[in-house]
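Novice: So the chains spell out like this:
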Amino acid sequence: MSSIDRRPPVRRYEHGSRVPGWDEAVDLTKPPATVPDPALTPVPEELRAAIEAEMAKYPDRKSASIPALHLAQRHHGWCSPEAIKQVACVMRLTPAYLTSVASFYDMFYLQPKPKHDVYVCTNITCSLLGADELYERMCEAAEGHDISVRGFECLGACDIGPMASVDGEYVGPLNLDDPKLIVEDIEAGRPVLEHKQLRRRAVADAKGRVDDFDGIAPVGQEGN
Amino acid sequence: MPHLLFDRIDEPGLNTIPVYERRGGYSALRKALQMPPEAIVEELSQSGIRGRGGAGFKMGQKASFLPKGEMAKYLTCNADESEPGTFKDRELMQKSPHTLIEGIIITTYATGIHHAFIYIRGEYQLQADILDAAVAEAEAAGYLGENILGSGHSLKLVVHRGAGAYICGEETGLLDSLEGKRGNPRLKPPFPAIEGLYAGPTLVNNVETLGTVPTIINMGGADYAKIGTEGSTGTKLISVSGDVQRPGNYEIELGISSREIIYGLCGGPKPGRTVKMWFPGGSSSPVLLEQDLDLSYDFDTLAKAGSMLGSGAIIVVDDSHSAFEVMQKVVKFYAHESCGKCVPCREGTNWTNKFLARIEAGESTPMDLDILASVQSQIIGNCLCVLGDAMAMPVGSIVAKFRDELEAEIEAARERANALPLTDTEDLLALSAH
Amino acid sequence: MPRPEQKIIKLTIDGREVEAVQGTMLVDAAKAADVEIPYFCYEPKLGQPVGACRMCLVEIEGIPKLQTSCSTPVRDGMVVNTQVQRVKDAQNSVVEFLLVNHPLDCPVCDKGGECPLQDITFGWGKGRSRVIEPKRHFVKPLALSPLIAIDRERCILCYRCVRFSQEVAEDWQLIFTERGSHTFVGTHDGHPYVAPFSGNIIELCPVGALTSQPYRFRARPWDIEGAGGVCTLCPAQCNVEFTVRDDKVLRVLSRENPGVDDGWLCDKGRFAYQAIHVDERITTPLVRDGSGELRPASWEEAITAAGALGQHQGSVGALVGGQASNEEAFLIGRLLREGLASADIDSRPHGTVELGLTRALAAPKLQATVQDIEFAHTVLVLGTEPLDDAPILDLRIRKGVRRHGVKLAIASARPSALDPNAQLSIRYAPGAVVEFLSGLEWALTAPGSGETHELAQLLRDGGEDVVILWGESLPPAALAILLRIAEKLGLAEREGAGLLEIPAGANARGIREAGALPNAGPGYADTTTGRDAAEIAAATAAGDIRALYLFGVDPLRDLGARAEWQAALARAELVVAHAGVLTEGIAAHADVVFPAESSAEKEGTIVHPDGRLQRLRVAIKHPGQVRAGWQVIGELAKAVGLDLHVLTAGMAFKQLVAAVPFYAGLTLEQIGGRGVRWPETEAAAAMPAGTPAAQVAVTDVASGPRPEVNGHLAAGTYRSIWASPEVEISPALKFTVAEQLVELAPEDAARLGIEHGSTVQVAQNGTRLSGRAVIRTGVPAGSVFLATGIAKDSANALDELMVEVVKSR
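Note that the protein sequences, when read in sequence, are chains A, B and C.
1 is the number of the first residue of the first sequence in the working numbering; add one for each residue after it.
1001 is the number of the first residue of the second sequence in the working numbering; add one for each residue after it.
2001 is the number of the first residue of the third sequence in the working numbering; add one for each residue after it.
So here's chain A without its partners, still in its complex pose:
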């Protein structure tokens, strides 16, 4: 079977799971996680009020679970088991229900994370325009800072690609020097790359523009 012996070896790839928990058993010393009893679950008053306000917006209180998780994540920095338990207590749901929901969505963190978020879009348009290298630079620049950098799927701003969302502020098109500036702006607590913010950019369509617009010209139309 000489031909088979000459086969190139098929490498085994690591499973590549980003998932904590796959390899973990439960802790049998813990009690089952049922709906938390209000008498035993202290919830910060402002968080409770905010969650209750969200619940009031919907015909079914469960609809507020994503807004409530946003609130809890903001309050606690991440969707910690305690944060989830507090939301569960206010919403009268099991913590598991909310864990299930939170883990489905990319913007919720079930692990502790740095304070600031930089999402670098690495989807098709941005990567055609050099996002992969930008992402690496961004990771390097953020090292040692309280900043989480993630390669993100399309953020809906391909017109300014390659781009990033810095704590929710869309900036682009970014060049390879920008990551350093972004980190500096974050550390200084000032608006990030103001001259590249999407919120200030004019529409590309010429008929959409007005003379008194004082923002940034569309990409590729700086001369116009």
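Misleading hints may appear alongside valid ones.
As the list claims (entries may be wrong) - Straight-line alpha carbon distances no greater than 16 Å define the calculated EDC-like cross-link-like pairs of lysine to aspartate or glutamate that follow:
#	chain 1	residue 1	chain 2	residue 2
1	A	Lys207	B	Glu1253
2	A	Lys115	A	Glu143
3	A	Lys57	B	Asp1132
4	A	Lys57	B	Glu1179
5	C	Lys2140	A	Asp23
6	C	Lys2638	C	Glu2338
7	C	Lys2248	C	Asp2223
8	B	Lys1181	A	Asp60
9	A	Lys115	A	Glu136
10	C	Lys2031	C	Asp2014
11	A	Lys30	C	Asp2189
12	C	Lys2488	C	Asp2461
13	A	Lys62	B	Glu1179
14	A	Lys57	B	Glu1139
15	C	Lys2135	A	Asp23
16	B	Lys1156	A	Glu143
17	C	Lys2045	C	Glu2167
18	C	Lys2399	C	Asp2262
19	C	Lys2407	C	Asp2461
20	C	Lys2140	A	Glu24
21	C	Lys2399	C	Glu2167
22	C	Lys2365	C	Glu2495
23	B	Lys1181	C	Glu2167
24	B	Lys1304	B	Glu1230
25	A	Lys207	B	Asp1007
26	B	Lys1181	A	Asp106
27	C	Lys2638	C	Glu2301
28	A	Lys207	B	Glu1011
29	C	Lys2088	C	Glu2036
For the record, the hints were derived by calculation from the structure and aren't laboratory data.
Source: prediction; values computed, not measured.
Keeping the supplied structure of chain A fixed, place chains B and C upon it in accordance with the hints.
Specialist: Frame of chain A; chains B and C shown alone:
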């Protein structure tokens, strides 16, 4: 061609009621409230407007599917704009939120709905804040709430932020997500118009579709239908990105040539480069080639050409990029975004992803492209929703249209990996049967 | 909610015209027509189809895309093809996709041989794989709970287990986390999936991903046999299938019976089979010797010793425990009445109910069925916690609310697990149920406001089909009012309405019907009235009764008035007991102990609370020296000079049928595997009429103001689902063993300075119990709830209502 949605959209303050009203805003609402609700649905039907979100279903027809009479019915505006390459709704919501709100009020009046939601993707924080402010302003001005402008129509509008999941752009995934669940698509039937949000009849429309409603009411459906082509009426907001010199959002009349968009409006690729392939309707659409640039940009022509208009997002790839690289990005995206509910999509996207990793590592043979293509055809039509197809169609089209290049890529990867050259078919069989 | 009407339609499957009920899912209609369509995720018991596995795709003419037959209701004239090439291609594709990440470790998989994935791969797969990409590999198996192991590599994410947790048990503990191919089954933050019904997910799993910790690797499918039986650990009497290997029960599975259990089991029923084969079980007769020790004895010796009962003619008291079969209860009645000249026999732990009222409450027309719960307009749960008292009914009530819009009301002293599902939950103070019910009766006819009136309105105007589930622990005065309420609501006249008693013992209804009552003979016949349980205790303690015959009951554990029983057992000259385990009272006081059978060994009949006679059949032979109960009673009768003429279990059944007029004509064959509800038979007319509602005596209900003594609390009791000797000795269930959990209102706990989880003392008249404090929102201030039926610190030591709860030092 008239500019219906983007006309001087950059005007400062357009996101507030005074400027919006000065420009004629909310006049369509006043007009609509004088009309019987059925007449509005009729106008929408006459306008021929097709859904601007991706599926291209006729809006008037969708609205007419909704049961009549008083019951818990809902309208959900799909602002989860997540299709790679698409960013048109973002511009509209950010700069003229009241266009959308007015469209929503008119549509709910026409269909007897009293509870509406705008499901906006969580990443659009700026736009969501602007919408929140605009809704509050509209409530204060009496455009939302009880007995709107004395018409007897009441509407509660809630801006709901998502949290990052492409699948929530699928209408039933969106509904589950809005109900506070994981955004898994539902089985259809029942369709949302019969059993949607909270099991009530639900109308789900894209931002741009609803944003066009005031225009249709102002112009009259018949006049609106005169714009564009017979099967694709009206204007369309398109997002052009990738290897073009002037990327961005444009409002076009449906039926202009694709070349006019890519070269005329957007300046084409950088000098010296040519269009290698282009996605006409987001990354889910099968790719077209340079030779297809003269196709009319409308729903029917693109469908006939084996692709689709989708969300109106054109991604241009020039000849500096390899087909393999494009395919890999597409696959990685869908594998990441598959919700995992149904088997062909979950396993198919994931398998395809591993497949490409193997090609890249120099561990595959050109014959594997047949398996790759076959896996795509096994996904198409067998999934719960369209996400699986959304990967399989473009990937299938790239394999079919760039077969030679991909084979060369495989050989090159093998060389890089110092794999033994493939000499005879016995080796190939031994490999692929393993 | 009336049951839907059924319409038969015709459709064509693979060229053959077949009939089906309109609205049936295509996959079921096809199965009924002998066309098998493979599937993984479909399971109608779990609610709406999800269409996730895509295995059941078929071609329906007129629809371009293949459709999932699990979610497509059949329509008249539908033409379906399941054998065309595109369907086969789709099936091949799905199998191939499923195996992309499945480890195919069948040789070492516990599911091997009974695995749907194996079968479907063989039947509908291509038999060849093109996947050479590496699969996921993970640590396995992992503990999901003390009872369940999870192997995430094998999981095909079919949704069955999580749907069970979310849509059947509604405990919402088991979830999918993450997304796409990263999705996995898990729980919140590493908490175990511990819930009363968790074991059902093992049976639902179509692959080897969820396996039973106690059953793993104990047998292969070809080593085992299935034997049908009925679980007798609680009155729900779920139908089970014992997995038997070499005369040992290795596993318990559901034997779905829609009229009883809907195909679910609680974890007690699923795992307490282990009590059959543990060292703690008594498998030989025991006799107390001269030194006061219980020691193994021969049957002759034991029967001779027990035969001394004959020397106490007219002075023997007998108690029959809830797990006795009808035949056993019947034969014990004969032994007492005919052989020992005593009428002092009882099976009710909560006191005697006047015979006319007993008959009236058991009247055939007034009986609701289990299925009525699901389709009623309104269900009222009165003075019982289904989750503890008859767990599987908890699921049925949830199903009714969830699927059929049943309006649920709860009236109880203790907060209920069903409160979140209820439209109305009313808390009355412990001991105040009579006042509550008389208020309700009054509210049914008089206008007014408040929650009692709301309930009255719901019962009266919420639709005619009202089902009231009531707990046996209600005092007789409450039962009289209940009967009048039933009369006012016209429950006897409606097919889908009625009362459903949740008795304290598993076969309490059958035992009563067989005549183990102090005031009724077999078939609720008039008889010489004897002493009830409490009177037997008093008479024994006073020396008026000199011998006790305890069939499957330990008064110190199962009954109230612990102090009195302690005195009685100490004073009795002879105590003869049948027991499976040496519980406290038996170990300390029995002079003769006969080893009791388990339900897997027993032959006989029992009666479900809704009147369904069910058969217990022999699944395994008796271990050790154990003998059949009917046989032992017969031998004992002989020893006291009475020949009962029972040589087989069947003969005992025949005697029973002859003695109970409303069982007339019933045969074991008729009862079969699914049971027969006697209230639906013609013989039901022979049931003696009860006292009409208008004439039942109602004692004075005005109990006056509650004594408020220095912040003492009114104590209610509960018996946890886990409070049973079988659970205690089942190794797999050791983690659940019930202890004294003292449930306090947050206000009271704060006032008393008691922290959640701390040790507290509950005191009354010098009696002290130790327990762990559980602060529970929903417990009304002023009330405290204490566990009974547990081995240590049981609340049956307390006789009075008011207790003092203090921190332990």
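Novice: All hints, please: hold or fail.
Specialist: Against the structure, the hints come out as follows:
no. : hint                     : verdict
1   : A:Lys207 with B:Glu1253  : holds, 13 Å
2   : A:Lys115 with A:Glu143   : holds, 13 Å
3   : A:Lys57 with B:Asp1132   : holds, 13 Å
4   : A:Lys57 with B:Glu1179   : holds, 12 Å
5   : C:Lys2140 with A:Asp23   : holds, 8 Å
6   : C:Lys2638 with C:Glu2338 : holds, 12 Å
7   : C:Lys2248 with C:Asp2223 : holds, 12 Å
8   : B:Lys1181 with A:Asp60   : holds, 12 Å
9   : A:Lys115 with A:Glu136   : violated, 20 Å
10  : C:Lys2031 with C:Asp2014 : holds, 12 Å
11  : A:Lys30 with C:Asp2189   : holds, 10 Å
12  : C:Lys2488 with C:Asp2461 : holds, 12 Å
13  : A:Lys62 with B:Glu1179   : holds, 6 Å
14  : A:Lys57 with B:Glu1139   : holds, 14 Å
15  : C:Lys2135 with A:Asp23   : holds, 15 Å
16  : B:Lys1156 with A:Glu143  : violated, 46 Å
17  : C:Lys2045 with C:Glu2167 : holds, 9 Å
18  : C:Lys2399 with C:Asp2262 : holds, 10 Å
19  : C:Lys2407 with C:Asp2461 : holds, 12 Å
20  : C:Lys2140 with A:Glu24   : holds, 9 Å
21  : C:Lys2399 with C:Glu2167 : holds, 8 Å
22  : C:Lys2365 with C:Glu2495 : holds, 8 Å
23  : B:Lys1181 with C:Glu2167 : holds, 14 Å
24  : B:Lys1304 with B:Glu1230 : holds, 15 Å
25  : A:Lys207 with B:Asp1007  : holds, 6 Å
26  : B:Lys1181 with A:Asp106  : holds, 14 Å
27  : C:Lys2638 with C:Glu2301 : holds, 14 Å
28  : A:Lys207 with B:Glu1011  : holds, 11 Å
29  : C:Lys2088 with C:Glu2036 : holds, 13 Å
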